[in-house]
Amino acid sequence: MIQMSRLPGRSVKAFGWSSQRHQLWLSPEYLLYREISGYREVVKRYYYGDIQAIVCGPTNASRVLTIILTVVLVSMGLLIALLAASGSPASVIAVTAFFMVLPAICLVVNLLLGPSCRTTLYTATSEAPLYSLGRKRAAEKAIALVLPFIEAAQRGEAPAAEPVQAPAPEPVGESPAWGPPSEG
Amino acid sequence: MRNTIVRCSACDHALSLPEAVGGGTLTCAHCQKPTRLWLFPALYQTKKSEAAQVVLDEGHSSCMNHPNKRAVSVCDGCGKFLCALCDIDWNGEHLCSNCIEHRGSDESKHSDLRTEYIHYDRIVFGLALFSVVLFFLGAFIAPVALFMGWRYWNEPWRPVPYRKWGMIFSLVLAFVTMTGWATYLTTLFISF
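In order, the protein sequence lines correspond to chains S and C.
Numbering of the first sequence is given in my numbering, commencing with residue 1 and proceeding in unit increments.
Numbering of the second sequence is given in my numbering, commencing with residue 1 and proceeding in unit increments.
Mixed in with the good hints there might be a few duds.
Claimed, not checked - Derived lysine-lysine pairs resembling DSS-like cross-links, with alpha carbons at most 30 Å apart:
{"id": "1", "chain 1": "C", "residue 1": "K164", "chain 2": "S", "residue 2": "K44"}
{"id": "2", "chain 1": "S", "residue 1": "K136", "chain 2": "C", "residue 2": "K33"}
{"id": "3", "chain 1": "C", "residue 1": "K80", "chain 2": "S", "residue 2": "K44"}
Bear in mind the hints are in silico, worked out from the structure with no lab data behind them.
Construct the entire structure; sequences and hints are all you get.
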């Protein structure tokens, strides 16, 4: 068995009654993308030598979720205030407050995960969305771990024969190597 | 020469890429949103098929699949002469498409070709759990769980490293359920 290490980022997508989990793993020769649904798992291997580009752009998903959850929490807070003002029993207020726990946890987790993004990996034959890298922070951390392997493979160096030890995450350079394209 | 179209993550419009490799931020000309990009040398490499357009010269071996093309390597699987188009570099080996296909049919030996896995440990755990919860069906389900555990013990359940503790626990659970049923049925038989 090839030594592998898991990269940051995960994603769970629900399709009706079933759900699909996505993970990205690092191996000495390829990037392994796992799609797990129930007892079945489908994997895609992207060999470092074949990877042409990785694109990571911002999306509004986390912002929209924050707004929705905030609206829900504020509405419930107002409802509790109204119940308290109308002299409702404490048990009713307690139950209503209990229903606020789940959206509150979701909001905190969403804020902790940071802004959302969409990451796509390009090879000569495929354009693969990497759902596990749906948050900017995780995506940049994971890409920083993968970059040395891709660069080594495309420089023609032999892949590491030793078990893969993911290198310490390096901050991805903030200064752009190139600027925005010229107008027109 | 570049054939791949890299798209903006936000609006799906093609990005006008710089003719250089590396990482950086590019603003989409269509939606004006900044996109992080990492471009690699493979993006600008000449396609292999173009290199294979060499017409056979006199005195050179030809490809077994394309008789008018010059052979550039020999298949490590079957020994066929291959042109640049037919030559597939597979983990350092030169193989033809037939040999790749042949290896793909024997996935257990070539785990790099396998794309689908079944988590048998989870199935066995589910069955073992059902055999306990649905007590009256346990006598039928527990043996199935034990059989599956035995049958798929050596199959690769996942493409990544994993431990077999979950499977062992499930098999013990199924065995205990079956033993419980055997004891109950034996007691019932003796009492009659």
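Hints, one by one, checked against the model:
Annotation: proposed proximity of K164/C to K44/S holds, straight-line Cα distance about 24 Å (limit 30 Å). At roughly 15 Å between alpha-carbon atoms, K136/S and K33/C fall within 30 Å of each other, so this suggested pair holds. Annotation: proposed proximity of K80/C to K44/S holds, straight-line Cα distance about 29 Å (limit 30 Å).
Comparing the model with each earlier hint shows no violations; every hint is respected.
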